[in-house]
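Peer 1: Modelling step: build the complete structure from the supplied sequences, incorporating the hints.
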Amino acid sequence: MDYLIRFIQMHETFRRPETDALADLNGFKVEWLSYSDDSPFAIIRFPDDIDHDTAAKALISRSIMTYAIYELWGTGSDYEALHKDIRKRTEHLWEQYRRPSFRFEIDSFHGSRSHGERRDIMESLGYMEFQGPIVMRNPDHHFAIFEDFKLDAKSPHQLHFGRRIAESGRGAITKYNLKKRKYIATTSMDAELSLVTANMAQAAPGRLAYDPFMGTGSFPLACAHFGSTVFGSDMDGRSVRGKKGRNVKTNFEQYGTSSLYLDGFAADLTNTPLRTSRYLDSIVCDPPYGVREGLKVLGSLKPALQQEVLLWNGQPAHLQSDYIPPKRPYSFLRMLDDILDFSTTMLVDNGRLCMWMPVAGDVDEDEAEESETVPEKAPEEQEEYDIPQHPALELVSCCTQEFNKWSRQLLTYRRRRDSEVDVDALAAYRMQRLDLQVNGSKKSTADELNDFRRKYFQGFKERT
Amino acid sequence: MKLLTLNFLTCAIKTCKSNPASFPLHPKDAELEQIEIDMNPIFIRNILPRLDWVALKTLSSELGLASLPEDVPTEEELMGEDGEATQTLKDLHVLLMETGIASGRLCCGACGHEYAVKEGIANFLLPSHLV
Ligand SMILES: C[S@@+](CC[C@H](N)C(=O)[O-])C[C@H]1O[C@@H](n2cnc3c(N)ncnc32)[C@H](O)[C@@H]1O
Ligand SMILES: [Zn+2]
Numbered sequence: 001m002d003y004l005i006r007f008i009q010m011h012e013t014f015r016r017p018e019t020d021a022l023a024d025l026n027g028f029k030v031e032w033l034s035y036s037d038d039s040p041f042a043i044i045r046f047p048d049d050i051d052h053d054t055a056a057k058a059l060i061s062r063s064i065m066t067y068a069i070y071e072l073w074g075t076g077s078d079y080e081a082l083h084k085d086i087r088k089r090t091e092h093l094w095e096q097y098r099r100p101s102f103r104f105e106i107d108s109f110h111g112s113r114s115h116g117e118r119r120d121i122m123e124s125l126g127y128m129e130f131q132g133p134i135v136m137r138n139p140d141h142h143f144a145i146f147e148d149f150k151l152d153a154k155s156p157h158q159l160h161f162g163r164r165i166a167e168s169g170r171g172a173i174t175k176y177n178l179k180k181r182k183y184i185a186t187t188s189m190d191a192e193l194s195l196v197t198a199n200m201a202q203a204a205p206g207r208l209a210y211d212p213f214m215g216t217g218s219f220p221l222a223c224a225h226f227g228s229t230v231f232g233s234d235m236d237g238r239s240v241r242g243k244k245g246r247n248v249k250t251n252f253e254q255y256g257t258s259s260l261y262l263d264g265f266a267a268d269l270t271n272t273p274l275r276t277s278r279y280l281d282s283i284v285c286d287p288p289y290g291v292r293e294g295l296k297v298l299g300s301l302k303p304a305l306q307q308e309v310l311l312w313n314g315q316p317a318h319l320q321s322d323y324i325p326p327k328r329p330y331s332f333l334r335m336l337d338d339i340l341d342f343s344t345t346m347l348v349d350n351g352r353l354c355m356w357m358p359v360a361g362d363v364d365e366d367e368a369e370e371s372e373t374v375p376e377k378a379p380e381e382q383e384e385y386d387i388p389q390h391p392a393l394e395l396v397s398c399c400t401q402e403f404n405k406w407s408r409q410l411l412t413y414r415r416r417r418d419s420e421v422d423v424d425a426l427a428a429y430r431m432q433r434l435d436l437q438v439n440g441s442k443k444s445t446a447d448e449l450n451d452f453r454r455k456y457f458q459g460f461k462e463r464t
Numbered sequence: 001m002k003l004l005t006l007n008f009l010t011c012a013i014k015t016c017k018s019n020p021a022s023f024p025l026h027p028k029d030a031e032l033e034q035i036e037i038d039m040n041p042i043f044i045r046n047i048l049p050r051l052d053w054v055a056l057k058t059l060s061s062e063l064g065l066a067s068l069p070e071d072v073p074t075e076e077e078l079m080g081e082d083g084e085a086t087q088t089l090k091d092l093h094v095l096l097m098e099t100g101i102a103s104g105r106l107c108c109g110a111c112g113h114e115y116a117v118k119e120g121i122a123n124f125l126l127p128s129h130l131v
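If you read the protein sequences in the order shown, they are chains S and C. Be aware that the first sequence starts at 1, since it is given in the numbering used here, and climbs by one per residue. Be aware that the second sequence starts at 1, since it is given in the numbering used here, and climbs by one per residue.
Since the hints were made in silico from the structure, they are not lab data. Positions of the beta carbon are idealized from the N, C-alpha and C atoms, including for glycine. Keep in mind that the hints are not guaranteed to be accurate.
To be verified - The list that follows gives simulated cross-link-like pairs (lysine to aspartate or glutamate, EDC-like), each with its CA atoms no further than 16 Å apart:
#: 1; chain 1: S; residue 1: Lys-150; chain 2: S; residue 2: Asp-107
#: 2; chain 1: S; residue 1: Lys-244; chain 2: C; residue 2: Glu-119
#: 3; chain 1: S; residue 1: Lys-249; chain 2: C; residue 2: Glu-98
#: 4; chain 1: S; residue 1: Lys-180; chain 2: S; residue 2: Glu-253
#: 5; chain 1: C; residue 1: Lys-28; chain 2: C; residue 2: Glu-114
#: 6; chain 1: C; residue 1: Lys-14; chain 2: S; residue 2: Glu-253
#: 7; chain 1: C; residue 1: Lys-118; chain 2: S; residue 2: Asp-236
To be verified - If you want the footprint, here are the derived chain C segments under chain S, 3+ residues with CB under 8 Å:
#: 8; segment: 2 to 12
#: 9; segment: 40 to 54
#: 10; segment: 116 to 124
Peer 2: This is the structure we're talking about:
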């Protein structure tokens, strides 16, 4: 039989990618028979060689973008067509549902029904002759009639009827609500999107996830919710340490997932202490955005600070316990590319990188690397970023979250197996990065950087 | 800082990365801590092949902990026929997941740079003359 997914009608572009990620995690693919961003109802089909109810449960029970999944009993553009379809698809099944307890539910999207209308609709299904007791709480079988209305329409244009198989994992959104979390900061990612990110990253028991921009730990917490073992780091050591009794570690204690949290430490992604080897299953992060958040890396543009600094007593400054290492501005595009390249060296085959980035910003930000303060451009002057690409990473999905004045997107990549990677493209890419390190890093004129960037970002595919 | 995490960490200085002497980092004045947590057999089984076993042996002997077998334990050595965790698995759980460095320093064998660990949190930030 086919199945109906009841999606939430929000974050539309996340819905199919999340479902596909969970199907892939469970080792199968779903076929999308009907899907529209404008409707919360989608119809899918599972492969023939697996048990469908088991697959449906596995697919939806931890999903965040859905409410539930139903075995599809019928569909039609009006009630006459719906009843005809139900009869055709399920008449042979009715017998086995005659005695168990059951309930009907009417789910009208963009529409409402009076009490009388609801009763009439339910009674119109009487031909199935269910005689079991009607139970509101935990019935043996929960059936639902779905009505899809166009905005302000008098009657629905599409109807479905189904038997509920499993409810989603949305309950976790309340549990991880930031308002109830002991340790948060202004850039903590909200519960719903952190959990979706963890699903896209295919966090699961036995796996290892890492967040190089951990902040207060929203992503590692979400990955641990799904059973992944996690660790993270941040250039701001204070964000890991927090304050007495409120820090990343106590967040894990709050949710009872301490045993899945390895460690947090202070580190700069561009000078990572991670041993280069492919042991990570997932990398999840929300990198700092450009100038506003003050994107910085370790280092200094001041010549005096390029050498070891000695104090008046001859002691090296960096060995003092209160030493704060200098930081310099860095370009957002370079940081994105660093994340991609880092990911390819660290992820296992088919491991995933989930990275958030704003859709638009200062594309020409060469100045950012050369001066301390760069005036931030008004949103209307900003340009769309290209989606960063890497020969060893396949872009799996690109989901967009719209705000009033700006939007950001969640990019999900899969680490290709080495045998899938285009060797020439990889060699060319490596040359470009080397060029960037030699010519781009220490000091070069804006023109050189521009020229470099022109060549370099030819490797960045155009947004489609 | 758990012993498992230390198996993933080396010197942050770029030029040290290619030098085998930079890994593992060597603990100095290390104060150890033991924190009891739930055992996660699937995770240990998955992660074991990704570890640098020699580095783990070096670290545990430098810390004066139990000596480890010469080779990485096999699947059969971790799980008994009854599906129960073996003593080997339990010992690895204690070593990798429950034992950590609460404070001290981690020293790079290649360049000698030391990274401080305080309250279990290591600091890998470099002064600008080393980036
Ligand atoms: C958008 S916030 C991430 C917030 C996090 N997802 C949370 O839920 O709290 C970006 C983080 O990146 C850190 N950061 C900035 N530059 C960095 C760098 N070069 N390396 C590592 N972390 C950096 C900042 O300190 C900040 O905590
Ligand atoms: Zn070193």
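Peer 1: Enumerate the violated hints, using their earlier numbering and listing them in ascending order.
Peer 2: Violated hint (a single one): 6; every other hint is consistent with the structure.
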